[in-house]
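Q: For reference, the chains in residue letters:
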Amino acid sequence: MGQRFRGARGHIELFGRNDPRSGQATRDFAERDEALRFLRNSALDSATLGALRRWAYEQGLHVGQHQGILERLATELSHGTLHLGTVTQSRKSSGGEKPKPETPDKPKPAPPPKPKPTPPPKPITELVVTVKDEDGKLIEGAKVVSGAAGTKTTNKEGVADFGKVEPGKYDITAEKGGHSKKKNDPVGKDEKKQVDVPEGSKTQVELCQHPSCANVAFFEGPTTRQYYFGFDHKTNLVAAPNGEYWKPVPDRGTLTMPGNKLTRDAARWVSVAVGQQTQLEINFDFKGTECIPCIENSTFEVVPANIAEVVTASVSGKKAAFKIKGKAVGEASLKVICDGQDLGWFHIWCVNEATLKLDIACLITNRAPVATYNMGLLRQHFEDIYRQACIKIDMVDLGSINLTSNAPLATIESSGYPAGGGVFLAKSGTPRPYNSKGAVLNALHGAASTVLGARTTAPLARAGAYRLYWYVPTVGCSILGTVLNIGSNISFGFQPDSSTARNSTAHEFGHSLNLRHPSDGSSGPQFAAHNLSTRNVASPAYTATNTEPASTPRTPRSNVMANDPTNLMGYWPDRPNRKRLRYHQWKAASRS
Amino acid sequence: MAFVDSCPPIVVERVMHVDLASAENSELFSWIASQSALECQVQAVGAIAGRMKADSHPQVIDDFSASVATYARFLDPGAIEKVTGAYLRMPYYNSVALNYFNGLIQTGIDIRSKLKRRVIEDWSFTHPRRDAASWHYYLYLASLGEPGAMEKLADKIERTENGNDATNLLQSLSELKAEGVVEVLKRYETDTRRADGTEEPGMMISENVKVWLMMRPPE
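Chains A and B are the protein sequences, given in the same order.
Residues in the first sequence are numbered consecutively from 154, following my numbering.
Residues in the second sequence are numbered consecutively from 2, following my numbering.
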């Protein structure tokens, strides 16, 4: 039963949400103003207003300091949390409020307006649907369809509140793009059929929409050189075309990162210096409909975690920049994981960055005049290449060293030239000038070192530095450059400065760092075996990648690997683009 | 002349405030060389020596040590004292052994007592520029006449079978100005093993030894 109150012109009877109503008819107000007008028209006196205030308090209705009791009640009436019973003048009041005595000497108040016929009051029946994922995270923006109750979209709390509904049975569905009803299920809605919503109840229903997973993730390098150290897509080259782990797009949940990091699944290797970041381009792919929520459900894990850390916490696009940071010397893998399943990976080689000092000097003899070279471009070319192995090059120009007055040197030097004329270190003739290579170059280096050692003005030759000599014979040379031997800290360039000559000197410096030709019988540990075995095989055309330019088909060459033709230590004819060092070479290069 | 009087203001400013704990400054001395004359470069060694500390970055220590070796013949006793102080303060790292010990070798600074038990001996290396801290430590000890040091170096060479590896070790030893070096080199005057060339076999060890002996000043 509700609580009845009497005013000067009428009575009102209020029911709280849980008051039994015994089928009594109630009056509903669609608008708050309508309810407020009705209450004011009831001309409630101050005693009644006080009683109303106390009753409201007992009902748990807070009345604000600046709010009247009638306004508060009107609000609740319009929201349907309070109801107004239909009351006639002849009905007696009930409860603790005594009716006021009627005074016969006063004119009878005008009869209250006849209440409109209202349907019999019904108990409140409500339906609230909450949508969560399988881990209990609330899902906003899911479309919830509840039969006759209509359609609503979940709010931030994952709630679709249908409010008052007709009691009965409801088929309820929840659907959000890129979500499924269970982990690792296909994208689709969750559904509960014939949900009983009994009269007078507030029925709560939970449905699941779990963000689905992308089918696969894979990695490329970034297009901007300074964003990464080394990026290697050749070491784990697949055995057959289209054998990359992401081609064709696998079924969801079918990938597992192999324990062997050198598995030929096309997983990329990246190098990164301790304490520094490197960037990749992450790509997601799908078998069916592509969706961003699937991507956002991915997490990233470095195994083992002490080697590197993930800088990019989340990805929200099918293709995005992805960064990691080196933490300690060692090797690791980065796994993309979604709901416990591997989606993709790459491998990490992390090392302390090293700075190697390289002194450049030009040797002038009676057979080799002064040569100019662009230090800025030379430095840039070396940095570009050796950054792959996390090596910085500290390059200093020692300038020209004039050896023209060194007569003993001239004698030795002449043995490097054919007696009848021809290029320096010619590989034909008797005696073959190339056979004198070691003696001549040792003599040049010795003579230059003597001059440099006597210098009392800058620039000084730096102790412990590698040295590169430009020695450019007027008659030309049979080779572009060389070193005294593999691992010698002395190298030579024999060509006038050009992009080709700069690349040749970088190649020779590689020999100084112990790197060898693919054709060198001792180079096995410095290359992946499957790449090394493609020497003397025609090189196919390769399309450009983010990190490497396209290359054209070439006939077989003994010192070019068809699988990796632009490797720095091979003889790819397009010298300015012969820059690549791969994982095994990163590890093999000297670092001091 | 004092450092501040020898160097341009831009060099003075940077040397006095540069963060030596940052790898970003691992090319400090080549920058100084690009900005100043030899006198300033020499003075900068002493100035930076005074700022080297326990938290100096390994790559900065490497650069500093290499510069000590480079400018050693120009350093006066005051500068040597500052460099000695730097070596006593800054830590030793295996990764920078080549230049670290070369700085000590070229200046003759004796900090053997500090280094005892700091260099863990590992003779498994094959090249003097790759994981060869023990090699450089013993070059340093041999330069100070430490008994047995030269024999350790000679033993490593003797145990090296590969001609190219032996060539690189001998070449490294040939640059050391110390008693006993010539004697070790002469053991290989008839060695017919060859170094590895880039395309063809390189010079025989005996040929290289002949060149290195010629290039050495008389002992």
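Since the hints were derived computationally from the structure, they do not count as laboratory data.
The beta carbon of each residue, even a glycine, is placed where N, CA and C say it ideally should be.
Incorrect hints may have been included.
[Unchecked claim] On the chain A side, residues computed to face chain B include the following (Cβ under 8 Å):
hint, residue
1, 469
2, 470
3, 505
4, 545
5, 595
6, 610
7, 611
8, 612
9, 613
10, 617
11, 635
12, 636
13, 639
14, 670
15, 740
16, 743
[Unchecked claim] With a Cα cut of at most 20 Å, we get these calculated EDC-like pairs of lysine to aspartate or glutamate:
hint, chain 1, residue 1, chain 2, residue 2
17, A, 545, B, 132
18, A, 317, A, 359
19, B, 187, B, 156
20, A, 290, A, 349
21, A, 478, A, 454
22, A, 545, B, 25
23, B, 54, B, 6
24, A, 400, A, 495
25, A, 345, A, 324
26, A, 305, A, 338
27, B, 187, B, 201
28, A, 480, B, 25
29, A, 309, A, 324
30, B, 54, B, 82
31, A, 275, A, 397
32, A, 740, B, 132
33, B, 83, B, 25
34, A, 580, B, 200
35, A, 545, B, 20
36, A, 472, A, 443
37, A, 285, A, 328
38, A, 309, A, 293
39, A, 580, B, 201
40, A, 478, B, 25
Q: Would you mind marking each hint as holding or not holding in the structure?
A: Tested hints:
1. For residue 469 (chain A), the shortest C-beta to C-beta distance to chain B is roughly 33 Å, which exceeds 8 Å, and the interface hint is violated.
2. A cut of 8 Å between beta carbons decides the hint on residue 470 (chain A): the least distance to chain B is about 32 Å, and the hint is violated.
3. Checking residue 505 (chain A) against chain B by beta carbon gives a least distance of about 6 Å; that is within 8 Å, so the hint holds.
4. With a cut of 8 Å, the hint placing residue 545 (chain A) at the interface with chain B holds, because the nearest CB-to-CB distance is about 7 Å.
5. Checking residue 595 (chain A) against chain B: minimum C-beta separation of about 4 Å stays under 8 Å; hint holds.
6. Below 8 Å, beta-carbon pairs count as interface contacts, and residue 610 (chain A) has one with chain B at about 6 Å; its hint therefore holds.
7. The closest approach between the C-beta of residue 611 (chain A) and any C-beta of chain B is roughly 4 Å, which is under the 8 Å cut-off, so the hint is satisfied.
8. The closest approach between the C-beta of residue 612 (chain A) and any C-beta of chain B is roughly 6 Å, which is under the 8 Å cut-off, so the hint is satisfied.
9. Look at residue 613 (chain A): its Cβ gets to within about 6 Å of chain B, closer than 8 Å, so that hint holds up.
10. Look at residue 617 (chain A): its Cβ gets to within about 5 Å of chain B, closer than 8 Å, so that hint holds up.
11. The closest approach between the C-beta of residue 635 (chain A) and any C-beta of chain B is roughly 6 Å, which is under the 8 Å cut-off, so the hint is satisfied.
12. About 6 Å separates the beta-carbon of residue 636 (chain A) from the nearest beta-carbon of chain B, less than 8 Å, and the hint is met.
13. With a cut of 8 Å, the hint placing residue 639 (chain A) at the interface with chain B holds, because the nearest CB-to-CB distance is about 4 Å.
14. At about 7 Å, the closest approach between the beta carbon of residue 670 (chain A) and any beta carbon in chain B falls short of 8 Å, and the interface hint on this residue holds.
15. Given the 8 Å rule on beta carbons, the hint for residue 740 (chain A) is violated: about 11 Å separates it from the nearest Cβ of chain B.
16. Interface restraint check for residue 743 (chain A): the shortest CB-CB distance to chain B comes to about 4 Å, inside 8 Å, so the restraint holds.
17. A distance of roughly 18 Å separates the Cα atoms of residue 545 (chain A) and residue 132 (chain B); the hinted pair therefore holds under the 20 Å criterion.
18. Proximity of residue 317 (chain A) to residue 359 (chain A) is assessed by CA-CA distance (about 18 Å); at most 20 Å being required, the pair is judged to hold.
19. Note on residue 187 (chain B) and residue 156 (chain B): the hinted pairing holds, with a Cα-Cα distance of about 14 Å set against a maximum of 20 Å.
20. About 25 Å separates the Cα atoms of residue 290 (chain A) and residue 349 (chain A), which puts this hinted pair outside 20 Å; it is violated.
21. For the given pair, residue 478 (chain A) sits about 12 Å from residue 454 (chain A) by alpha-carbon distance, which is consistent with the 20 Å threshold.
22. A C-alpha spacing of about 11 Å is found between residue 545 (chain A) and residue 25 (chain B), which places the hinted pair at or below 20 Å, so the restraint holds.
23. At most 20 Å may separate the alpha-carbon atoms for a hinted pair to count; residue 54 (chain B) and residue 6 (chain B) exceed this at roughly 24 Å.
24. A threshold of 20 Å between alpha carbons decides the hint, and for residue 400 (chain A) with residue 495 (chain A) the separation of about 15 Å falls inside it, so the pair holds.
25. A threshold of 20 Å between alpha carbons decides the hint, and for residue 345 (chain A) with residue 324 (chain A) the separation of about 6 Å falls inside it, so the pair holds.
26. Between residue 305 (chain A) and residue 338 (chain A), the direct Cα distance comes to roughly 24 Å. Violation of the 20 Å bound is thereby established for this hinted pair.
27. Restraint check: the Cα-Cα separation between residue 187 (chain B) and residue 201 (chain B) comes to about 26 Å, which exceeds 20 Å; the hinted pair is violated.
28. Distance check on the hinted pair: residue 480 (chain A) and residue 25 (chain B) sit about 17 Å apart at the alpha-carbon level, within 20 Å; holds.
29. In summary, the hint linking residue 309 (chain A) to residue 324 (chain A) is not supported, as the alpha carbons are separated by about 23 Å, beyond the 20 Å threshold.
30. Taking the CA atoms of residue 54 (chain B) and residue 82 (chain B), the gap is near 15 Å; set against the 20 Å cutoff, the hint holds.
31. Note on residue 275 (chain A) and residue 397 (chain A): the hinted pairing is violated, with a Cα-Cα distance of about 66 Å set against a maximum of 20 Å.
32. Of the pairs offered as hints, the one joining residue 740 (chain A) and residue 132 (chain B) holds, with about 12 Å between alpha carbons and a cut-off of 20 Å not exceeded.
33. A C-alpha spacing of about 24 Å is found between residue 83 (chain B) and residue 25 (chain B), which places the hinted pair above 20 Å, so the restraint is violated.
34. With a C-alpha separation of about 12 Å, the suggested pair residue 580 (chain A) and residue 200 (chain B) falls inside the 20 Å cut-off, and the hint holds.
35. Taking the CA atoms of residue 545 (chain A) and residue 20 (chain B), the gap is near 19 Å; set against the 20 Å cutoff, the hint holds.
36. For the suggested pair residue 472 (chain A) and residue 443 (chain A), the alpha carbons sit about 12 Å apart, so the restraint of at most 20 Å is met.
37. For the hint linking residue 285 (chain A) to residue 328 (chain A), the alpha-carbon distance of about 11 Å falls within 20 Å, and the restraint holds.
38. A distance of roughly 5 Å separates the Cα atoms of residue 309 (chain A) and residue 293 (chain A); the hinted pair therefore holds under the 20 Å criterion.
39. Using a Cα cut-off of 20 Å, the hinted pair residue 580 (chain A) and residue 201 (chain B) holds, with the two alpha carbons roughly 11 Å apart.
40. Using a Cα cut-off of 20 Å, the hinted pair residue 478 (chain A) and residue 25 (chain B) holds, with the two alpha carbons roughly 17 Å apart.
Of the hints listed earlier, those the structure fails to meet are numbers 1, 2, 15, 20, 23, 26, 27, 29, 31, 33, in rising order.
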